[in-house]
Amino acid sequence: MSEIKEISANEFDSEVLSSETPVLVDFWAPWCAPCRMQAPVLEKLAWELGDKLKIVKVNTDENPELAEQYQIFSIPNMLLFNGGKIETQFVGYHSEKEIKAKLNL
Amino acid sequence: MAQELYPLLIIGGGPAGLTAGIYSCRSGIRTLLVAPIGGGLASSADRVENYPGFPEEISGMDLVQRMKEQAEKFGLEVQYGQVQKVLKEKNYFRVLAEDTFLARAVIVATGAEPSKLGVPGENEFRGRGVSYCATCDGPFFRDKSVVVVGGGDSALQEALYLARMVKDVTIVHRRDHFRAAQYLQEMVKSTENISLKLSFTLSAIKGQEKVKGVVLKHKTTDFEEFLPTDAVFIYVGLRPNSEIVKELVKTDERGGILTDELMRTSQEGIFACGDVRATPLRQIITACSDGAIAAISVYDYLNPEK
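Same order as they appear, the protein sequences are chains A and B.
Mind the numbering: the first sequence is residues 3 to 107 in my numbering, read in order.
Mind the numbering: the second sequence is residues 3 to 308 in my numbering, read in order.
No wet-lab data here; the hints were simulated from the structure.
It is possible that part of the hints are untrue.
Think about it this way: if two alpha-carbon atoms lie no more than 27 Å apart in a straight line, the pair counts; the simulated DSS-like pairs of lysine-lysine are [unchecked claim]: (1) A:104 to B:118; (2) B:199 to B:118; (3) B:219 to B:199; (4) A:102 to B:87; (5) A:54 to A:102; (6) B:248 to A:99.
Partial chain A-side listing against chain B, Cβ under 10 Å, derived [to be verified]: (7) 33; (8) 35; (9) 38; (10) 63; (11) 75; (12) 91; (13) 98; (14) 100.
Backbone N, C-alpha and C fix where the C-beta goes; we use that ideal spot for every residue, glycine too.
Please construct the entire structure, taking both the sequences and the accompanying hints into account.
Here it is as structure tokens:
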């Protein structure tokens, strides 16, 4: 079972910006191979971290306006939102260890 | 309880490591492979067109997945983890990842990653126009102008891929000719929206928030020009991931592990194969070939002639 919810532009406000817990948003697209490599890493992380961190995915093909708004020119592109604000951003495939270091986990 | 000592531990889950696993398991060596989830550079190839036996298109990821299934069929044990260091003990090696593993022989198949250009603006605009993956990021630059840096197969292949979706592509290469395969060169020449800047080096990436252009410098005349562009795709070679064994084995000046033709490194018991090696060609097929040889050398190392 997948732990990571795929969200669309009209859910972005409720799922990400108004979330009480920090949210890691993974911008991805089906044609991006490193994104497909990234997916199982995030699944494992989501499973491990449980309620401490919420992870959601945004498909840039289906939500170009969100990609545009957050100036996504490279994927995979991961943004950490805390209290509605971007706290950290990292681009490209990252291993589990690298993500944990970026997020201070 | 004493910790288990594996006869062979392979570090890296790309074509080199997996092929080594196929050959070692088939020759009866109990083998553990440790690799991060994912599967290396080959996995990020959108299409692999030069691996024999696949005249139809196959993605890098599918190819690597099939190699993994094949290796597991012969008994390869796979553990996900990121190896930090390999330490030499008396007559075995200690491999430090999230867990610690012990092995009599180690095959290093950790691959390579794209080299950086090392110019101002490159890190600053990463993800804001600077990219190392055309298949990932090309679609964000539909109907825009992009620059590709490099002169090898990857650079030209990616330029051709980008030309199908962007407005125009400029290939910047420091030499006056390409190193890439002839047929790629011909395809580039016959593609209308690709133009060439040969004998030019890219000396800076400029922008505000995102990439706006690049500074090009002619190699012999030092003539400088500013070329407006929305993105820079960089394909200037690969950097071997040899840090985890750098105190144990000899490397060349670029970090490629030096081996003999049997894939033996300067450290007895450590073997290297694939892109991490000092090698003239970094291809899936050469990685596989190296892997097979390394596994057979490990067999000979573990079973000295009576």
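Hint-by-hint comparison with the structure:
For the proposed pair residue 104 (chain A) and residue 118 (chain B), the alpha carbon gap of about 21 Å is at most 27 Å, so the pair holds. Proximity of residue 199 (chain B) to residue 118 (chain B) is assessed by CA-CA distance (about 19 Å); at most 27 Å being required, the pair is judged to hold. The suggested pairing of residue 219 (chain B) with residue 199 (chain B) holds, with an alpha-carbon distance near 10 Å, which does not exceed 27 Å. For the given pair, residue 102 (chain A) sits about 19 Å from residue 87 (chain B) by alpha-carbon distance, which is consistent with the 27 Å threshold.
For the suggested pair residue 54 (chain A) and residue 102 (chain A), the alpha carbons sit about 13 Å apart, so the restraint of at most 27 Å is met. A distance of roughly 21 Å separates the Cα atoms of residue 248 (chain B) and residue 99 (chain A); the hinted pair therefore holds under the 27 Å criterion. For residue 33 (chain A), the suggested interface contact is upheld, since its CB lies about 7 Å from the closest CB of chain B, less than 10 Å. Given the 10 Å rule on beta carbons, the hint for residue 35 (chain A) holds: about 5 Å separates it from the nearest Cβ of chain B.
Hint on residue 38 (chain A) holds. Least Cβ distance to chain B is approximately 6 Å, under the 10 Å limit. Taken as an interface hint, residue 63 (chain A) checks out: its beta carbon lies about 8 Å from the nearest beta carbon of chain B, inside 10 Å. Taken as an interface hint, residue 75 (chain A) checks out: its beta carbon lies about 5 Å from the nearest beta carbon of chain B, inside 10 Å. Interface hint status for residue 91 (chain A): upheld, as the beta-carbon distance to the closest one in chain B is roughly 7 Å, under 10 Å.
For residue 98 (chain A), the suggested interface contact is upheld, since its CB lies about 7 Å from the closest CB of chain B, less than 10 Å. Interface hint status for residue 100 (chain A): upheld, as the beta-carbon distance to the closest one in chain B is roughly 8 Å, under 10 Å.
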